[in-house]
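**Q** Throw the hints in and build the complete structure from the sequences for me.
Each chain, letter by letter, is given below.
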Amino acid sequence: MSSVTIRGVRKKYGAMDVLHGIDLEIRDREFVVLVGPSGCGKSTLLRMIAGLESISAGDILIGDRVVNDVPAKARDIAMVFQNYALYPHMSVYENMSFSLRLKRMTKDVIDRKVREAAEILNLSKFLDRSPRQLSGGQRQRVAMGRALVRDAQVFLFDEPLSNLDAKLRVVMRTEIKALHQRLQTTSVYVTHDQIEAMTMADRIVVMNAGRIEQIGTPLELYDTPANLFVADFIGSPSMNFLRGTLDNGGLRLADGTLLPLEKVGRGTLGQKVVFGIRPEHLVLSEDSRNLAAEVEVVEPTGANIQVYAKVAGSPLCAVFTERHDFRPGQRIMLSWDYERSHLFDDATGQRL
Amino acid sequence: MTSKTTRSILYWAILSPLMVVILFPFGVMFVTAVRPRAELFTYPPTWGFSEFRWENFSEMWVKTNFGGALLNSLYVSISATVVALVLSIPAAYAMSRYRFAGKGAYRTFLLMTQMMSPIVLVLGLFRLMMALGLVNDLNSLVLTYAAFNMAFTIWMLQSYFNSIPRDLEEAAWMDGASHLTSLVRIFLPLAVPAMVVTAIFTFINSWNEFVLALTMMRSSEDFTLPVQIYAQVAGRYQVEWHHVMAATVLATVPVAIVFSWLQRYLIRGMALGAVK
Amino acid sequence: MANRIQKSVPLMMILPGLALAVAIIGYPIFDLAWTSLQDVSRFGKLTGFNGGENYAEVFGDPLFWESLWRTGIWTLAVVLGTLAISMPVAMILNDDFYGRGLARVIIMLPWAISLTMTAVVWRWALNGRAGLLNATLMNAGIIDQPIEWLATASTAFVVEILVGILVSIPFTTTILLGGLSSMPQDAYEAAVVDGASGWHQFRYITLPLMKPFINIAIVLNVIYVFNSLPIIWVMTEGGPANGTDILVTYLYKLAFRFGQLGKASAISLIMFFVLLAFTMLYVALVSRNDRDDAAPEEEV
Chain A
1 MSSVTIRGVR KKYGAMDVLH GIDLEIRDRE FVVLVGPSGC GKSTLLRMIA GLESISAGDI
61 LIGDRVVNDV PAKARDIAMV FQNYALYPHM SVYENMSFSL RLKRMTKDVI DRKVREAAEI
121 LNLSKFLDRS PRQLSGGQRQ RVAMGRALVR DAQVFLFDEP LSNLDAKLRV VMRTEIKALH
181 QRLQTTSVYV THDQIEAMTM ADRIVVMNAG RIEQIGTPLE LYDTPANLFV ADFIGSPSMN
241 FLRGTLDNGG LRLADGTLLP LEKVGRGTLG QKVVFGIRPE HLVLSEDSRN LAAEVEVVEP
301 TGANIQVYAK VAGSPLCAVF TERHDFRPGQ RIMLSWDYER SHLFDDATGQ RL
Chain B
1 MTSKTTRSIL YWAILSPLMV VILFPFGVMF VTAVRPRAEL FTYPPTWGFS EFRWENFSEM
61 WVKTNFGGAL LNSLYVSISA TVVALVLSIP AAYAMSRYRF AGKGAYRTFL LMTQMMSPIV
121 LVLGLFRLMM ALGLVNDLNS LVLTYAAFNM AFTIWMLQSY FNSIPRDLEE AAWMDGASHL
181 TSLVRIFLPL AVPAMVVTAI FTFINSWNEF VLALTMMRSS EDFTLPVQIY AQVAGRYQVE
241 WHHVMAATVL ATVPVAIVFS WLQRYLIRGM ALGAVK
Chain C
1 MANRIQKSVP LMMILPGLAL AVAIIGYPIF DLAWTSLQDV SRFGKLTGFN GGENYAEVFG
61 DPLFWESLWR TGIWTLAVVL GTLAISMPVA MILNDDFYGR GLARVIIMLP WAISLTMTAV
121 VWRWALNGRA GLLNATLMNA GIIDQPIEWL ATASTAFVVE ILVGILVSIP FTTTILLGGL
181 SSMPQDAYEA AVVDGASGWH QFRYITLPLM KPFINIAIVL NVIYVFNSLP IIWVMTEGGP
241 ANGTDILVTY LYKLAFRFGQ LGKASAISLI MFFVLLAFTM LYVALVSRND RDDAAPEEEV
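Here the protein sequences line up with chains A, B and C, keeping their order.
Counting from 1, position 250 in the first sequence corresponds to residue 250 in my numbering; the numbering is continuous, with no gaps.
Counting from 1, position 167 in the second sequence corresponds to residue 167 in my numbering; the numbering is continuous, with no gaps.
Counting from 1, position 26 in the third sequence corresponds to residue 26 in my numbering; the numbering is continuous, with no gaps.
Calculated directly from the structure, the hints in this document are not laboratory data.
Any given hint could turn out to be false.
[Said to hold, decoys possible] Below, simulated DSS-like cross-link-like pairs (lysine-lysine); rule was C-alpha separation at most 30 Å, straight line:
#1 A:125 <-> A:177
#2 B:63 <-> A:12
#3 A:113 <-> A:73
#4 A:310 <-> A:272
#5 A:107 <-> A:125
#6 A:73 <-> B:103
#7 A:73 <-> C:211
#8 A:113 <-> A:103
#9 A:177 <-> A:73
#10 A:167 <-> A:177
#11 A:103 <-> A:73
#12 C:253 <-> C:45
#13 B:63 <-> C:253
#14 A:177 <-> A:103
#15 A:125 <-> A:167
#16 A:12 <-> A:113
#17 A:73 <-> A:12
#18 C:7 <-> A:12
#19 A:73 <-> A:107
#20 C:211 <-> B:4
#21 C:7 <-> A:103
#22 A:103 <-> A:125
#23 C:211 <-> B:103
#24 A:125 <-> A:113
#25 C:7 <-> B:103
Quick caveat, the model's predicted, so the values are computed rather than measured.
**A** Written out as structure tokens, the structure reads:
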């Protein structure tokens, strides 16, 4: 097990910059998730750690060793691929033992390790099957088993759950997390799914357009997003944003409505800002000075009710855990806990 | 009647005239190959004949030097296939797996060579082989067939190689395999079917080639089968048609069977890479 | 350093094949161009430049123009005839019906046989006295005298075109099948829901989506048919009286029968440029399709 250090790493494809200088310190035994929309460079970064992509500038260290010029096979890293990459002409047993056979371990050692891993992953019954004969979830487990037998320094996961159906994804998510808690191997996990990131990570790295937007624990990202991008990306349904200008006593929205903010404090008068509030932090209120919204669509999920409404011409979503009987066209008054609202500079997108 | 049954009857009815025309030469071949010589030119012409003369085949074998031509054809086709494949496999792998400068130009060059037919170049090729002293040498055919088939083999192999996921090799590297090991233990085993299919089509192409063989081989003991059979027909006062047809049967039927068995792979290969 | 070695790996892999192709396919083109500008003896000895005289001779030869004209008819007739038959055949073979596997095998059969053999068999089948085509037609009562199919140029040429069509069908059908099998099924389902008839589906979905494949089939067939020697050579050798000569048979006779090597090189080179033009057209078509197909690139 080992730490991974990324220093000023850049990636160019021809004239195109895919990564613009990434700095990241992944601690020993940590489970770090790289998350971002597709095309943000997260998979490229992962493949650079793996040694499958060359590094245009900067350094990658595994432990204290710079591995820029170390080929993939010598990095002692295990990787789980998006499409599993199981060798179709080998049985499950052969798939899992391939790396050990390459290392010329004795038959007994190989057998013990493969059976141990198979036991952990509930694959003991399938060792003689070929990958073709397995279900998606089982293939996923074999791919993990192949990584598991290695006792590698670092595990890399490249969107490993994206080919599974929604239910199985939740199950495997938990299994991977449990596995990490048991083995404590340093892990880097790439996904575009923020829920996966939130549930699994010790720390999340939010990436966008080849840059890191924010690094933090799941709750740090949720409670104090550093900028509009992170605020929008983390959380589901997404945070509501209202644009306006800071005025005496509150936020002046585009249509002239004054949104009362108890204290403006964080910005200067006249500054253009974006006010953010998560749907689950909105509460119903009787006070007519609060935010007036007109209900458009109501979506009960059973566990809660999601209400899509219009406020001063902008769309807004609210989530209530108590049951209410809302109707389209109905006017409701909303308020929120000031501590849970967010304010961003409209020009830079940075948190105020 | 189910709609599928109706449809099947309709389709077969539409296709049947074409099929009759396709199968007609095969009928002609067989019926002529087994009839007695005396019944070749009966009047009025007829499909019927008095007896099956299987001896036609053995007579033909001796009289037309079929065995010699067969050996020549086998030598040329097998060697050309081996040469083409040995040169194409690495090239197809490079095309499928690497980005490199000049890849687009190389692809265009391959397309050009694919389009260049031997007939346009035949005079230049003949002069080249003269200069190399390879006229009347079967190896001249080996080289030219290999060269003219290479665009096809690279194309075909590349489209199959592309369908072998790259991450299998990457997974092998991560598992600690060198490039060579992953090539030998992961990639090649998966590529074998593609290579076999490509080899067989190259073999058939070489087996059937006419123009170059006609031009380069000037003496009858070097003839390949198509030229040998053509020589039984061209410029002769009296053609032994029953022997010619017997020879055609022997030269085409085995190839046709193998081809029919493999044609779906050709269709797949073309669907995968060629046309797109 | 290591990087430079790595960069040269793919080049090393394509180099041996490239060398062979350049030697066998590239060199003769230069040799032909060189030869076409010189006086050449019967035995291939170059005896000095003659300033385009070979070309002048070619263009002054009525046989060249006749062959060129006939090449045009031959190519056009075979290519269009092939397409007209292959399109419905491909559509049928793409549909599900009993015995489809067998039907495919039969339709593809002519592809497996060398053109030479096919032509030899047809030459016999069309024999004016005892040919089995005559036998069949007489049995059916369509004719009562055997016809000398290959003895007059006009019938011979028509028959050769028909054989040309027959042997081009498998390849063309294969390309069209490749296109049809990649057709999005849901587009048809949507069209049915929208109330499109069978004809409408063909006209507004199949045909537009098939256009790139049809284009490629046409260009490839033009190239192959334009170059095809064996059928005409084996059946009539361009005869009788040069009445079925196309450029390739004319070229072959000049080069290997009459020993007019300078003139033959000139024709070769002219044909090479015609071919080059078609090939460029093909490359343009293929790369246009590639662009259309290229999805916005996913992160890798």
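**Q** Hint by hint, say whether it matches the structure.
**A** Hint check:
A hinted pair counts as satisfied when its Cα atoms are at most 30 Å apart, and residue 125 of chain A with residue 177 of chain A qualifies at roughly 23 Å. The hinted pair formed by residue 63 of chain B and residue 12 of chain A fails the criterion: a straight-line CA distance of about 70 Å is larger than 30 Å. At most 30 Å may separate the alpha-carbon atoms for a hinted pair to count; residue 113 of chain A and residue 73 of chain A meet this at roughly 20 Å. Between residue 310 of chain A and residue 272 of chain A the alpha-carbon distance is near 21 Å, which keeps this suggested pair within the 30 Å criterion.
Taking the CA atoms of residue 107 of chain A and residue 125 of chain A, the gap is about 20 Å. The hint holds against a cut of 30 Å. With a C-alpha separation of about 27 Å, the suggested pairing of residue 73 of chain A with residue 103 of chain B holds against the 30 Å cut-off. Under the criterion of a C-alpha separation no larger than 30 Å, the hint pairing residue 73 of chain A with residue 211 of chain C is inconsistent with the structure, at around 47 Å. A C-alpha spacing of about 13 Å is found between residue 113 of chain A and residue 103 of chain A, which places the hinted pair at or below 30 Å, so the restraint holds.
Between the alpha carbons of residue 177 of chain A and residue 73 of chain A the distance comes to roughly 26 Å, so the proposed pair stays at or under 30 Å and holds. Under the criterion of a C-alpha separation no larger than 30 Å, the hint pairing residue 167 of chain A with residue 177 of chain A is consistent with the structure, at around 16 Å. For the given pair, residue 103 of chain A sits about 11 Å from residue 73 of chain A by alpha-carbon distance, which is consistent with the 30 Å threshold. Between residue 253 of chain C and residue 45 of chain C the CA atoms are separated by roughly 19 Å; this keeps the pair inside 30 Å, and the hint holds.
Proposed proximity of residue 63 of chain B and residue 253 of chain C is supported: the alpha carbons are some 29 Å apart, at most 30 Å. Proposed proximity of residue 177 of chain A and residue 103 of chain A is supported: the alpha carbons are some 28 Å apart, at most 30 Å. Proposed proximity of residue 125 of chain A and residue 167 of chain A is supported: the alpha carbons are some 23 Å apart, at most 30 Å. Between residue 12 of chain A and residue 113 of chain A the alpha-carbon distance is near 40 Å, which puts this suggested pair outside the 30 Å criterion.
For the proposed pair residue 73 of chain A and residue 12 of chain A, the alpha carbon gap of about 23 Å is at most 30 Å, so the pair holds. A C-alpha spacing of about 16 Å is found between residue 7 of chain C and residue 12 of chain A, which places the hinted pair at or below 30 Å, so the restraint holds. Proximity of residue 73 of chain A to residue 107 of chain A is assessed by CA-CA distance (about 21 Å); at most 30 Å being required, the pair is judged to hold. Simply put, residue 211 of chain C and residue 4 of chain B have alpha-carbon atoms about 29 Å apart, close enough for the 30 Å limit, and the pair holds.
Between the alpha carbons of residue 7 of chain C and residue 103 of chain A the distance comes to roughly 28 Å, so the proposed pair stays at or under 30 Å and holds. Restraint check for residue 103 of chain A and residue 125 of chain A: satisfied, since their Cα atoms lie roughly 26 Å apart, inside the 30 Å limit. This hinted pair checks out: residue 211 of chain C and residue 103 of chain B have alpha carbons roughly 27 Å apart, not beyond 30 Å. With a CA separation close to 15 Å, the supplied pair residue 125 of chain A and residue 113 of chain A stays within the 30 Å bound.
Of the pairs offered as hints, the one joining residue 7 of chain C and residue 103 of chain B holds, with about 12 Å between alpha carbons and a cut-off of 30 Å not exceeded.
Checked against the numbered hints above, the structure violates hints 2, 7 and 16; every other hint is satisfied.
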